[in-house]
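Peer 1: Sequence:
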Amino acid sequence: MTTAIDLDKLDLAALLCSRVCHDVISPVGAIVNGLEVLEDEDDPSMKQFALELIAKSARQASARLQFARLAFGAAGSAGAQIDTGDAENVARGFIVDDRTSLDWQVPRALLPKNRVKLLLNLLLVAGSTIPRGGRIAVSGEGDGFRLRTEGSHARIPAHLPTLLAGQVSEDGQIDAHAIQPHYTGLLAREVGVTIAFSMDGEVVLIEAAAA
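With positions in the sequence shown counted from 1, the corresponding number in our numbering is that position plus 72.
Errors might be hidden in some of the hints.
Stated by the list, open to error - As a list, the in silico SDA-like pairs of lysine to any residue whose alpha-carbon atoms are at most 25 Å apart: (1) K81 <-> G238; (2) K81 <-> A237; (3) K185 <-> M118; (4) K185 <-> R171; (5) K185 <-> S90; (6) K128 <-> Q153; (7) K128 <-> M118.
To be clear, the hints were calculated from the coordinates, so they are not data collected in a lab.
Based on the sequences and whatever the hints tell you, model everything.
Peer 2: In structure tokens, the structure reads:
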């Protein structure tokens, strides 16, 4: 059995903040560890390791904050538009690593901010379908988007369609992990889009089309 998610604005804001903090706390913690090594170590090789750790972690923290600013933030006043080229840049910084690649085929254009926020959040949803990494391909489909993921152990997490539909199991809870797909569903309904999943072998398709 499922029930409709009923969060007030303060709880929604708090959970989204928790999600952002969860994403940046790891690289920030690594920066702190690297600084401690620089203070305590005299070994040149350890100091070099610490400097490399700090540089890598600072890049990660910056990329995650830039992504969060567009995906969750206000990104301008009401009615503002966002360049999909900017969305691509922050998406690559956040997603692409030694485990996951991104094939971006969305035409560059100025789109309403909530539609771009939906796209970025769909990328996070897509990433959750390939827990061991793989390839994410995204394209523009008229007023919607189409995402294709492929990777080892690809799957559609059981809770995803339910959370995107604005529902949760009766004994389930909305936490910092569940809030992101729920927020994606809120964005989809706001811009008049429905989200559908399908799977073929180790390929997952996510289609966001006009309702």
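Peer 1: Is the straight-line distance between the alpha-carbon of K81 and that of A237 25 Å or less?
Peer 2: Cα-Cα ~18 Å, so holds.
Peer 1: Is the Cα-Cα distance between K128 and M118 25 Å or less?
Peer 2: 15 Å, holds
Peer 1: Please verify whether K185 and R171 have alpha carbons no more than 25 Å apart.
Peer 2: 29 Å, violated
Peer 1: Mind checking the alpha carbons of K185 and S90 for me, to see if they're no more than 25 Å apart?
Peer 2: Roughly 22 Å between the alpha carbons, so the hint for K185 and S90 holds.
Peer 1: What's the verdict on K185 and M118, does the C-alpha distance respect the 25 Å limit or exceed it?
Peer 2: 45 Å, violated
Peer 1: Regarding the pair K128 and Q153, is the alpha-carbon distance no greater than 25 Å?
Peer 2: 31 Å, violated
Peer 1: Does the structure keep K81 and G238 at a Cα separation of 25 Å or less?
Peer 2: 15 Å, holds
When each numbered hint is compared with the structure, violations occur for hints 3, 4 and 6.
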